[in-house]
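**Student:** Residues per chain are reported as follows:
There are 2 protein chains.
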Amino acid sequence: MQFSENLSEESRPILTWQNIIDWAQTHYRERIFLKDEQIPTRPQLIYLVNRGAVRLVSKAPNQPDLNSLNELEESEEQLDEAFLGFIGAGLPFEIVTESSFSIHAYAHVDRTQVAWLYWQDLENWPDFRQEIYEAFRYQHQRKLLWLSALGQRRTIDRLTSFLILLVQEYGTDQEQNCCLPYSLTHAQIGSAIGSTRVTVTRLMGKLRRQGIISIKNDNSICINGHSLDRGQADNR
Amino acid sequence: MQFSENLSEESRPILTWQNIIDWAQTHYRERIFLKDEQIPTRPQLIYLVNRGAVRLVSKAPNQPDLNSLNELEESEEQLDEAFLGFIGAGLPFEIVTESSFSIHAYAHVDRTQVAWLYWQDLENWPDFRQEIYEAFRYQHQRKLLWLSALGQRRTIDRLTSFLILLVQEYGTDQEQNCCLPYSLTHAQIGSAIGSTRVTVTRLMGKLRRQGIISIKNDNSICINGHSLDRGQADNR
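Residue numbers (the working numbering), protein chains in the order written: chain A, 1 to 236; chain B, 1 to 236.
In short, the hints are calculated from the structure, not lab data. The structure displayed is predicted, hence computed values, not measured ones. A portion of the hints provided could be inaccurate.
Since copy identity is lost for identical chains, a pair holds within one copy or between any two.
The calculated DMTMM-like cross-link candidates involving lysine to aspartate or glutamate, where the alpha carbons are at most 20 Å apart (straight line), are [said to hold, decoys possible]:
#1 K206 to E169
#2 K59 to E30
#3 K59 to D121
#4 K206 to D157
#5 K59 to D157
#6 K35 to D110
#7 K216 to D173
#8 K59 to E175
#9 K206 to D22
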């Protein structure tokens with residue numbers, strides 16, 4: 001997906017993206033990462049995913065009362081980091097820590113290629129800078145929808161809405177379904193919706209039996225077309 | 001707070017903002033709203049809050065199984081909309097519905113003044129357009145932190161982090177504390193963190209007894225300086 005597909009009024013010249021990747025390569029500002037390898041990031045830099053996909057997660061501050069035995073037992077079924085979304089190929093991201101939560105980027109698939117440049121470098125490419133801004137404008141709108149999903153009180157509502165939003169945003173059509181091209185563990189899903197791996201596993205089973213989702217052989221998650229249509233009913 | 005305070009490298013010329021508000025007034029693109037009055041919005045338009053504050057909320061799709069008696073009883077203590085944040089004076093917002101969740105804007109305080117213009121109008125003011133983009137870029141980063149807060153499994157952790165993020169973003173310093181200048185009901189807080197009014201009331205009492213928060217006479221929420229420092233410990 002081109003990142004400008006949804007909001008930009010003009011189509012992005014592919015040449016510029018390729019020019020910038022070439023420029024990054026000749027300036028040693030590009031690297032290929034193994035699956036689950038952390039991508040070192042700094043504020044003031046903008047990162048471009050040229051191949052593969054990046055997973056953003058946040059780590060919560062250490063709560064002083066998290067060291068009790070009770071919490072240690074519970075932590076076995078809970079990640080200490082929250083899944084915040086994917087950045088697919090052709091999309092930018094940045095990480096500006098301003099809080100006790102620290103946000104980190106990982107290569108979600110093997111051989112993910114990332115280039116980086118300074119915001120001021122973008123002054124050489126004003127059209128491209130506007131594309132970057134459009135991408136963040138779009139991501140901001142998507143995150144408002146994520147927050148809408150997470151404001152629901154019942155875990156199964158949060159889970160269903162979260163999966164539909166993910167598949168709408170990143171999914172690819174496959175027969176009657178739309179499937180997430182990336183794997184995502186039940187613990188990772190739980191970390192996004194404020195629940196646990198065990199609860200997610202139980203509720204995913206319920207959604208499968210209701211025919212709302214299906215799981216392919218490679219474990220990827222699909223939403224059946226009817227459920228997705230309902231989720232998109234208000235689309236313009 | 002000027003919206004460019006945090007991310008823009010140049011200070012925003014106040015003149016331009018005032019020029020645009022003047023322009024909006026002479027073109028009948030400005031209105032003053034009563035407290036809790038809904039602000040009609042359309043995609044493709046950008047809204048500028050010139051005075052007061054706007055509250056963004058989202059409404060969830062009607063779930064078919066929400067009509068059971070059990071749910072009706074539970075709904076008494078739950079809003080059917082989720083609080084998504086404030087837009088203060090000097091800041092822009094837009095609403096681009098692309099999902100089953102519909103996002104709405106309300107005047108949060110009385111006599112909130114809002115102007116609007118088309119994105120293409122901004123071509124006349126390229127510097128101002130960049131300021132708008134910077135504001136959305138900043139809001140996107142803030143929403144990643146909100147999502148981090150809501151990924152926590154324990155309701156009290158979600159509540160504490162949520163209040164700290166709100167006060168960091170919108171608060172004003174008052175003696176040792178930092179206080180939210182806007183009122184927010186326990187039901188509204190519950191709607192943001194996936195909980196209920198009753199639970200929020202109980203946990204707010206706990207946070208008060210622990211000295212983490214205090215409530216002023218006008219019901220506004222304050223975070224004590226120490227807790228806020230801890231929340232900001234990783235700040236650059």
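**Student:** Indicate, hint by hint, whether the structure satisfies it.
**Tutor:** Structure-based check of all given hints:
| no. | hint | verdict |
| --- | --- | --- |
| 1 | K206 to E169 | neither (23 Å within a copy, 39 Å between copies) |
| 2 | K59 to E30 | neither (26 Å within a copy, 42 Å between copies) |
| 3 | K59 to D121 | neither (30 Å within a copy, 41 Å between copies) |
| 4 | K206 to D157 | within (12 Å within a copy, 28 Å between copies) |
| 5 | K59 to D157 | between (24 Å within a copy, 13 Å between copies) |
| 6 | K35 to D110 | within (4 Å within a copy, 52 Å between copies) |
| 7 | K216 to D173 | within (13 Å within a copy, 53 Å between copies) |
| 8 | K59 to E175 | neither (37 Å within a copy, 31 Å between copies) |
| 9 | K206 to D22 | neither (48 Å within a copy, 56 Å between copies) |
Of the numbered hints stated above, those contradicted by the structure are hints 1, 2, 3, 8, 9, listed in ascending order.
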